Amino acid sequence: MDRKKSNRIALTLIQSLSVLTILILALMLSYLIYRGLYSNKLIEREVSDYVNYDLPFEVYSSKNSNVDELDYFTLRKIVQGKIYSLRKVSNVNRDIKLYIDPSLIKFLSSYLNLEISEFEDDNVNILTANNLINDKSLLKELKRYEASIIISEKNSNIKGFNSVEISDMVISVNKDVKALYDNKRIGNLKNEEVESLINDSIKNWSELNGPNLDVKKVDSLDEVAKISGAFMPIQASLYQKAINAQKQIQSLQVFHEVSTQNLKLNYLLSESEDEGKYGGILSIIFNTLVMVFLTIIIATPISVAGAIYLVQYAKKGKLTSLIKTGIDLLAAVPSIIFGLFGLLIFVQLMGLGFSLISGVLTVSIMILPTILRTSEEAIRSVSPSLIEASRGLGATKIETIFKVVLPSASRGITTGIILAIGRALGETAALIFTIGSSTSFVSGLKSSSRVLAQHIYLIIIEGGSIDDAFASALVLIILVLLVNSITKIIMKKEIK
Amino acid sequence: MKKNTNNKRRRVIEQGSKVVLLLCALVSITAVIAITLYIVNQGVPFFSEVSFTEFMFSLDWSPSADIPKYGIASFILASFEVVLIAIILAIPVGLSTAIFLSEFAKGKLSKIVRNTIELLAGIPSIIYGLFGIAIVVPAVRNTFGGNGYSLLSASIILAIMILPTIINISEVSIRTVPDALRHASIAMGATKWQTIYKVVVPAAVKGIVTSIILALGRAIGETTAVLLVGGNAAVFAKYPTDMGRTLTMNIITDMSYAEGTHLSALFATAMLLFIFILLLNFIVVYISNKSKVGAGE
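Protein sequences, first through last, are from chains A and B. For the first sequence, this note's numbering gives the first residue as 1, with consecutive numbering after it. For the second sequence, this note's numbering gives the first residue as 497, with consecutive numbering after it.
Any given hint might turn out to be false.
[To be verified] Covered by chain B, per the in silico footprint, the following chain A stretches (three or more residues, Cβ under 8 angstroms):
hint : stretch
1    : 327-334
2    : 425-437
3    : 464-473
Rather than coming from a laboratory, the hints here were simulated on the basis of the structure. No experiment lies behind these values; they were computed from the predicted model shown. Just so you know, even glycine gets a beta-carbon here, dropped at the ideal spot from N, CA and C.
Next comes chain A alone, as it looks inside the complex (with noise of 0.2 angstroms):
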């Protein structure tokens, strides 16, 4: 009984080990497609989009340029030309192109308490919405421009761009809930605070980590300034109105959660900009494709010129073993031992610098036993009735080998290639220090440039957008298992 029971659990073990794994891949793959194609954030504001008040104007931005909500005080530089790029706002790399309907200055003037002087700044292009919406070529061009604003007259129906959200409710504290007290500070809301903090839910400033005071809402500014503890949510016009002349008022930071879709179309299709910084991956999804091209097209060759070697031509003897050695070796070398390879051979001895074609032929030296080995195998398995067939009917070695051996093992060394081309795919290390890391378009083999899983390593190290890491890494994940599809589909058709 008890053997059967330690059987029954040492079972159990083994299988719920193996299903770890799945349970490994499984959320390796979901949080790196998830991230691939969403992100959120958490960025720290001075405005909760709590409340939304009713405005008389509505903003509008271009499908590209990520903007889909902005707040009060951000819409406000952007207006004064304080913030003259998206770079900051959304990762866009463009100069803001920002239209704003005449009949509305003087409102804006207002909420955004600015001086109307300010809006005949060289950056803000005043035009009616109506022109806008007639002028056709305008439209278009502005359409297509990944980083321009609209701000029109409500209802003015612009079609094809985003609607944007302005959110502008401010929560005024008096200064002392924002004090020191014993070595607290009241820190950043979230949502779920704010909306309990105007609820009443909370009664004592102290729950929010802030000072022992009791939480008193009140209904003006003055007495936000006058009360000690006291709150109130307001327009952030009002506010910035109000700051300026009373210094007792402060207002409370708040988390903003922004999740955007993060791999978009335009991401792919466009080129890098800023050294990677920003802008799409279209010419390194490129490059990569022409890296891994040029490596196979090299390696594939000499691979199976060596496979068919060791199976047609090899006698058991040094010299075999030998390449055999090497072959075995040439697989275990770490891929960073390649990449000082490639730097001391190809980049300085034979003076080729960093450029693809350093990149290219590093790595075709690595995946050299990979084809190898799939192509042997492949090779051995062909018949010997079909060889000794051809060799009978009159034919020498080599025409059997290319007319009999190879295309019938033709399946086995396409799965090699494929495999190889799977680790071309991913290959960092051994190309950090061989192929340069440009952005743009490869231009000839000596030209320096970038590869997909270099990019993601670039990005990371040089503390760019995580975000553009795991969009890129997504593509590259793409990548992989369609090369893996492919390798399978093949396989089961060898078998049938």
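Given the coordinates of chain A, assemble chain B onto it according to the supplied hints.
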């Protein structure tokens, strides 16, 4: 007469192509020799400036200091530590999966497991690194404190990366254990688990050890994935949860700006790494030769 020249031509082609094929077959071994020679050529001059003992046993790596120090002991230790923990984490899961696939390989589950392993083997190391940053590092931070970028995080990522190596090679060797052994064991009244534990695994132990050594080789040479999660601090890591730097991390980090003695120190580091890998491979060759002799007897 015409036939004769034709035959001659064919023989020349035959001989010529044989030579070409041989040359192609020799590319791999030539590359290995060239890699060895160049790395040694760049690394050896280093020891005329810094003593071998200082290089191997000093914990002080400060190549940019006024009096530069080139001790890589802490990196050697970190490499071993990372690889050892990775292996310890990977063996139970890897071996169980291998046993599962070879002994119970029926039904949908084993098919899914097999596909999973194929996928895991195909995922590029940079992606493992990215996954490490996003999931493993925060998990280690929350569990053990510190900032999460640590040798332990690197070990966890490596453990996942070497799973396919362990599973594939162990599975093959478990599968080649003759069924007669299993039947005999079961017939003697042993349970399935007793058969696996006392008969099948001992019979396949050489293949299992080979798989572990090959996995060690892969782990010790891994660069990008460990670099992203290991913290890369050029100091001795007292605990696995401290930030640390392995041999490969040292090479890749300093390579971009190193000059003179510093550069040759990096090649010396690469030389050492290469020696470790060669050693591991010779052990594998030794084991497989021995098992062939055993089978022949």
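Could you work out which of the previously given hints the structure breaks and list their numbers from low to high? No hint contradicted; all consistent.
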